[in-house]
Amino acid sequence: MKRRSVTTWILAASLAAMTLAGCGSSNQSAPQQDTTTTAASEPATTAALETKAEEEPSGEIQKGGILTVVVPSSPKTVDPKDHTTDYEADIIFQVAQNLVTYNKDYTDIIPLLATEWSVSEDGKDYTFKLRDDVYFQPGKFQDGRQMVAEDVKYSLERIYNECATDRICREFFESVEVVNDFEVIIHLKDSCGPFLETLCDIGNGILPKEEVEGWGDEFGYHLVGTGPFMLEEMVADERVTLKKNPNYWGDEPNVDGVEVKTASDNSQIVNALVSDEAHIGMYLQGESIQRAKDAGLLAQAPATSVTMIRFNMQSGPTADPKVREAIIKAVDIDGMVSGIYQYGEASRIYQPLTFLSWGYQDKYDSLIPEYDPEAAKALLAEAGYPDGFTMTMYIGSSTNREKMAQLFQYYLSEVGITVEIKSSTMADWMSAVTGSYKDSVVNSYGITFNGTIDPYAYEEKFFTSNNIDSVSNAGGYADDQVDEWLYAAYKETDREKRTEYYGQVMEKVMNDNVGIFYACEARNWGIAPKVHDSVVRADSRLLICTPFNNIWIEQ
Amino acid sequence: MGEKKKRPSGDALGREANIEMLKRERRANNAWHKLKRNKIAMAGLFVILFMVLVALFAPLLSPYPPNKVNPGQAYLPFGSPGHIFGTDDLGRDLLSRIIYGGRISLIVAVGATFVGAVLGILLGLTAGYFGGWIDSLIMRIMDGMFSFPFILMAMILITVIGNGVLNVTFAIGIANVPSFARVVRGQVHIVKREEYCNAGKVIGVSNVRQLFLHILPNTMSQIIVYATLRVADAIISEAFLSFLGLGIALPTASWGSILKTGRECLTTAPHVATIGGVFILVTVLGFNLLGDGIRDIMDPKMKQ
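Chains as they are written, first to last, in the working numbering: chain A, 1 to 555; chain B, 1001 to 1304.
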């Protein structure tokens, strides 16, 4: 009994120490909303973000050094076919390369392993001419041979046949024809608007068959490609080391290598930056953003993502359009966004599309019902709920999502609606939400969806009836007319016409009040002052040595 | 014959003096008087009473509803006008959340200890009294439960049954059962060999009567001491579970959930974690001081 008592005392003392640790830093500034730099993007909706990383490099370029990058989670596999997280994609991006890639501003597609491409009139055939100076990194099963068209055929058909995720417009993809060593034609069953953008997916990196088949299941730890860096070592939950590829076809990387370390706690990432143990800290959240900002290390970019609350469209009270409109009217969305993102780490949005997309049209912003709790009460009474009702909100446990749920709960309580918050791990959340339109257990849920600049990546995922059994349209939105427009936009290759179709979809879903689309969460990095020519892009890809930048470290 | 003034005899004098002495001795041996003499234990009791009163009168004492958000007033520092303890990440008044949070933390702690004690006592009494295979069976199950760290077991239970005040109380309570069972069993082993228990057996007292009227009351002193200390542990367990996001459901305030909120802003708004931590610390200290005081009184080996 005495020992038990002592344990309790120790625990109490630990708590005291923790609280004292909290007191120790009281000279730090409180989080502020305002920032000193200008917006990184044009729309007025964009909050002021730190754009330090986009400054032009100054002084003479210095070569050498190892670039140390810290990320919150460890890569598990770097096989392009099997990767699932951004942390893995960031490694793959340094080692394997695609035929095409996005430009620096993430607004257009530029050649990478291809030199040029053309599309047939019917939109079914994509002809790519390949670089003739590209060699694979030497590996166990080949000694650094030249990359040829057969490798493109092998790699793309492997993704088509074996990848669990659709990374190549599987429904329309047919085959790859090798014309000669440096020319391929990709045949599609029908024209496909988002196909070229799909080829930028890191899953479609070009790989040597010998290595893939030689390593078999272990290829995910021995990736070989054509990129500026070679995979040297992967230590699970600790680090990944890359070294410069001496036979790289492009500009020689300025740094000798890259070390990607894992630190699950954001404070550790900022500490590593401040203490000069790391050069770049990625995916900062919450208070760490403020700390990085105070230390002059913060670099931000608006993300191609949409953070939203979706309603159950088929079951429960939210199946009634009046109830959905009442809920949106009851929530002060501006207040909610400023309450969730207290470190300026997101921009307010209004529609289910990032303002970075070429399909974005601000005229649809005004379709969102305005904040008016009294009108919300009247609508609820009209819908047969004069005394409100009880509904659920399912969220994956994270600080931002929990804040959102509590604010949502508070605003709805003002109009008589009781919200029960169901917070769980992401895996449990996904299991609860997927297919939840069938019953009224899940009335609403919170989700952030990362896309590209193609509206297809959002509207197709969120609103096609084909997707009601996946998490992106778990609310069960299904409308024949919307399905038709989406299919037409998918098949269309002309961007203007696609914009038109997606605009029609947008108008319809906004009028149907399918959810509250409230924020575009920014990419938040910490970058040490000695790192030059870094780029923080909307997709948060780790860009070290690309056709448009080449990081160097001031020695 | 004039009435003779009665003089107290020597015996009578002795009797009164004895009665007085006995009274004094009884008073001196009275648990409450002993506790009153232990100033540190009294300080612990005072803290507990203060917290209990604050929790009881939360609606009267709280200046704002505990869940009322005001995003425009997030992270107001300690001593801000209208918010003496400042505000948290959603602009909620921290004083109000501390007051209501104390209510939840105390309910969970006392409730969990009660659940653990009731089940643990029943199992410990049964195992200790009957012995043999019943004892082996019960105590091996308890040993199995002991092989899980206390907090891990509570976490597993929460994962299975979900969070919320009742579930957290139940989970911590269940995790408490083996330790109570072990303490009670040990006491039963001592008490059941006493003369009065043997006498009871000889005159045919039933097992139930023997257990609950003769043995249990004589183990209560140990149980009370142990329970007092377990309440302190349960407060920390609740705080720990809420800190991990496994405890009380959002947005209900508990001291652990306040600590969790404070962790997100430890550098920029340290007052949030500080206030939550201080209240946990002081209350746990209160229960520990009182528990130690009671043990000093009731443990015969420490009678001096």
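Just so you know, the hints here were simulated from the structure itself, not pulled from any lab data.
Careful, some of the hints might be misleading.
What the hints assert, rightly or not - Simulated coverage check for chain A against chain B, where a stretch passes if three residues somewhere in it have a Cβ under 8 Å from a Cβ of chain B:
{"no.": "1", "segment": "113-121"}
{"no.": "2", "segment": "335-344"}
{"no.": "3", "segment": "390-402"}
Unchecked claim - Sample of chain A residues lacking proximity to chain B, with all beta carbon distances greater than 10 Å (derived):
{"no.": "4", "residue": "Q146"}
{"no.": "5", "residue": "Y283"}
{"no.": "6", "residue": "I368"}
Glycine included, each C-beta is placed from N, C-alpha and C at the ideal position.
For this session: Provide an ascending list of the numbers of those earlier hints which the structure does not satisfy.
Result: Per hint list: single violation, 1.
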